[in-house]
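**Q** The residues making up each chain are set out below.
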Amino acid sequence: MPVTKSEELELRSAADVVSVRQAVRTWAIEAGFSLVDQTKMVTAASEIARNTIDYGGGGTATLELIVESPRRGLRVVFEDKGPGISDIQQAMTDHFTTGNGLGLGLGGAKRLVNEFHISSRVGEGTRVVITRWK
Amino acid sequence: MSAATDAVIPRILKTHEAELLEEWLREQLSAFRVGAKIFESELRSQSREFLNLLQQATQGGNVGDVQGPSYGRVRDMLGDISRSRSLQGFSPSETATFVFSLKRPLFARIRIELATDAESLATVTWTATELLDRLGLYTTEVYQKSREEVITRQQQELLELSTPVVKLWDGILALPMIGTLDSARTQVVMESLLQRIVETGADIAIIDITGVPTVDTLTAQHLIKTITAARLMGADCIISGIRPQIAQTIVHLGVDLGAVITKATLADAFRRALDMTGQRERVLKSRA
Amino acid sequence: MDRIPILKLRGLLLVSIQVDMHDRLAMQLQDELTQKISETGARGVLIDISSLDIVDSFIGRMIANIAAMARVLDAETVVVGMQPAVAITLVELGLNLPGVRTALNVDKGMAMLESAKRDLEDLPDADARHKE
Numbered sequence: 000m001p002v003t004k005s006e007e008l009e010l011r012s013a014a015d016v017v018s019v020r021q022a023v024r025t026w027a028i029e030a031g032f033s034l035v036d037q038t039k040m041v042t043a044a045s046e047i048a049r050n051t052i053d054y055g056g057g058g059t060a061t062l063e064l065i066v067e068s069p070r071r072g073l074r075v076v077f078e079d080k081g082p083g084i085s086d087i088q089q090a091m092t093d094h095f096t097t098g099n100g101l102g103l104g105l106g107g108a109k110r111l112v113n114e115f116h117i118s119s120r121v122g123e124g125t126r127v128v129i130t131r132w133k
Numbered sequence: 000m001s002a003a004t005d006a007v008i009p010r011i012l013k014t015h016e017a018e019l020l021e022e023w024l025r026e027q028l029s030a031f032r033v034g035a036k037i038f039e040s041e042l043r044s045q046s047r048e049f050l051n052l053l054q055q056a057t058q059g060g061n062v063g064d065v066q067g068p069s070y071g072r073v074r075d076m077l078g079d080i081s082r083s084r085s086l087q088g089f090s091p092s093e094t095a096t097f098v099f100s101l102k103r104p105l106f107a108r109i110r111i112e113l114a115t116d117a118e119s120l121a122t123v124t125w126t127a128t129e130l131l132d133r134l135g136l137y138t139t140e141v142y143q144k145s146r147e148e149v150i151t152r153q154q155q156e157l158l159e160l161s162t163p164v165v166k167l168w169d170g171i172l173a174l175p176m177i178g179t180l181d182s183a184r185t186q187v188v189m190e191s192l193l194q195r196i197v198e199t200g201a202d203i204a205i206i207d208i209t210g211v212p213t214v215d216t217l218t219a220q221h222l223i224k225t226i227t228a229a230r231l232m233g234a235d236c237i238i239s240g241i242r243p244q245i246a247q248t249i250v251h252l253g254v255d256l257g258a259v260i261t262k263a264t265l266a267d268a269f270r271r272a273l274d275m276t277g278q279r280e281r282v283l284k285s286r287a
Numbered sequence: 000m001d002r003i004p005i006l007k008l009r010g011l012l013l014v015s016i017q018v019d020m021h022d023r024l025a026m027q028l029q030d031e032l033t034q035k036i037s038e039t040g041a042r043g044v045l046i047d048i049s050s051l052d053i054v055d056s057f058i059g060r061m062i063a064n065i066a067a068m069a070r071v072l073d074a075e076t077v078v079v080g081m082q083p084a085v086a087i088t089l090v091e092l093g094l095n096l097p098g099v100r101t102a103l104n105v106d107k108g109m110a111m112l113e114s115a116k117r118d119l120e121d122l123p124d125a126d127a128r129h130k131e
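Protein chains in written order, with numbering that gives the first Met the number 0: chain A, 0 to 133; chain B, 0 to 287; chain C, 0 to 131.
Do not take every clue at face value.
[To be verified] Derived DSS-like pairs: lysine-lysine, alpha-carbon spacing no greater than 25 Å straight-line:
| no. | chain 1 | residue 1 | chain 2 | residue 2 |
| --- | --- | --- | --- | --- |
| 1 | C | Lys7 | C | Lys107 |
| 2 | C | Lys107 | B | Lys166 |
| 3 | A | Lys80 | A | Lys109 |
| 4 | A | Lys133 | B | Lys144 |
| 5 | B | Lys224 | C | Lys35 |
| 6 | C | Lys7 | C | Lys35 |
| 7 | B | Lys166 | B | Lys102 |
| 8 | B | Lys262 | B | Lys224 |
| 9 | A | Lys109 | B | Lys262 |
| 10 | C | Lys107 | C | Lys35 |
| 11 | A | Lys133 | A | Lys109 |
| 12 | A | Lys133 | A | Lys4 |
| 13 | A | Lys4 | B | Lys144 |
| 14 | B | Lys224 | B | Lys166 |
| 15 | A | Lys109 | A | Lys4 |
| 16 | B | Lys102 | B | Lys13 |
| 17 | B | Lys224 | A | Lys133 |
I should point out that these hints are in silico values taken from the structure, not numbers from a laboratory.
It should be emphasised that the depicted structure is a prediction, and the values quoted were computed from it without experimental measurement.
Make the full structure from the sequences, and use the hints.
**A** Structure below.
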């Protein structure tokens with residue numbers, strides 16, 4: 000799938016979550032998303048960016064503008080070399096409002112995007128890819 | 000089509016790229032009417048890129064298979080050009096001209112290359128014409144689809160205009176919906192309702208679906224989501240005018256209306272809204 | 000480093016979140032608010048999020064925390080000014096804000112808090128306050 004534009008951002012500290020949010024907002028506007036779709040994408044990115052920092056020990060977020068004729072979209076790939084998630088199924092159903100230790104926003108983020116892929120290996124790291132199409 | 004003849008086109012594209020580019024540009028520029036909206040430098044870089052991608056795509060053999068994977072990038076590029084030209088207001092012919100005007104320069108080259116081999120000349124020329132025809136048609140398809148998208152978007156905007164949000168009273172809005180609700184339409188309308196709530200500072204929005212014959216699951220869910228969103232923002236919603244058929248559908252689909260207030264008629268909903276905003280007494284007094 | 004200012008107005012505390020929050024700022028805000036509620040005996044907290052074009056689970060948790068802490072200190076919390084796109088996204092996200100009331104804008108939010116305050120003060124029996 001052709002990538003017409005790509006940029007990698009560091010995810011080390013909480014301030015980086017803000018940077019990623021702003022970048023995703025800008026790119027979502029460039030991709031022509033409606034306001035609601037922009038908001039959904041930025042919120043999803045924020046959730047996963049936080050996870051990458053809080054549970055993944057930091058990593059990267061790579062933004063990509065993609066074209067799959069005739070549709071265009073925005074994809075963000077989050078990668079970390081952290082402890083990984085042992086039970087992805089469970090992680091996806093955890094609700095952040097229950098206030099338990101993990102509180103991962105993965106399940107919620109999935110509902111905000113069109114495509115959601117996650118792969119993780121304990122001891123090696125996690126990779127989450129979210130995509131929204133215009 | 001043998002391997003030898005298959006290799007001719009990519010070879011020509013590679014070896015004679017510069018001349019082809021110049022001749023092709025000349026053809027294109029002469030095809031546009033005076034005052035055309037395209038700049039030569041933009042056209043030049045688009046043309047150069049296309050020749051490049053075409054050369055790569057034809058490299059892999061199977062020259063005529065424009066729907067195949069090796070032509071992926073060519074299709075993407077043509078798709079982008081078609082879309083942007085349709086949005087810029089070019090006609091379909093002007094858009095397809097991009098590809099078709101490459102024919103003459105390319106055939107001229109082929110004729111020179113295969114001057115001594117009449118049979119190969121015929122074969123390769125035929126392949127080239129087929130190839131460019133298919134690519135030209137592809138640009139027309141994308142152009143078409145792009146136009147359709149514009150029309151759809153305009154329709155949506157019209158829909159928004161045709162489903163006005165009405166202010167019934169201080170702090171009370173009404174949204175009378177008419178006709179079948181599909182998911183996309185509901186989305187657009189609901190977003191504008193929420194926006195109007197903010198703009199008018201409404202406490203209550205009455206969504207009247209008396210004029211809606213049927214509702215599907217997605218739409219029902221969308222209604223619920225909108226009401227939840229309105230509540231998150233600080234406004235309440237009342238659904239009025241639920242027909243028996245829709246009530247049945249809602250129950251059948253297992254949609255949970257939860258705490259959503261429903262009223263049979265818009266009038267009932269209005270009365271309820273007045274109560275909720277503590278204005279009922281004032282209205283009754285003014286009628287006395 | 001920026002701080003989020005907390006305004007005191009008619010026995011209520013007013014906070015306007017206008018900046019892209021990060022963890023430290025959020026923690027700081029929660030601490031300061033709790034302190035101020037205690038100090039001033041405020042009966043209500045109004046959180047204005049009309050400038051936020053994003054509310055994620057982190058901010059949501061912060062708001063819920065503030066409301067919970069305020070409740071412990073006998074104060075109500077009202078969140079005002081949520082943007083439509085944000086509201087729609089939160090619904091999709093599945094985030095709800097327990098114990099948090101909402102109003103469309105600052106005026107309505109203050110009216111809500113003040114009427115709640117008034118209702119309580121009208122009651123002759125001090126014990127009845129705990130039932131609210």
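**Q** Hint by hint, note whether the structure agrees.
**A** Do the hints match the structure? See the list:
no. : hint                   : verdict
1   : C/Lys7 with C/Lys107   : 17 Å, holds
2   : C/Lys107 with B/Lys166 : 18 Å, holds
3   : A/Lys80 with A/Lys109  : 21 Å, holds
4   : A/Lys133 with B/Lys144 : 15 Å, holds
5   : B/Lys224 with C/Lys35  : 36 Å, violated
6   : C/Lys7 with C/Lys35    : 9 Å, holds
7   : B/Lys166 with B/Lys102 : 62 Å, violated
8   : B/Lys262 with B/Lys224 : 19 Å, holds
9   : A/Lys109 with B/Lys262 : 35 Å, violated
10  : C/Lys107 with C/Lys35  : 23 Å, holds
11  : A/Lys133 with A/Lys109 : 17 Å, holds
12  : A/Lys133 with A/Lys4   : 16 Å, holds
13  : A/Lys4 with B/Lys144   : 24 Å, holds
14  : B/Lys224 with B/Lys166 : 22 Å, holds
15  : A/Lys109 with A/Lys4   : 23 Å, holds
16  : B/Lys102 with B/Lys13  : 16 Å, holds
17  : B/Lys224 with A/Lys133 : 21 Å, holds
Against the hints set out earlier in the document, violations occur for numbers 5, 7, 9.
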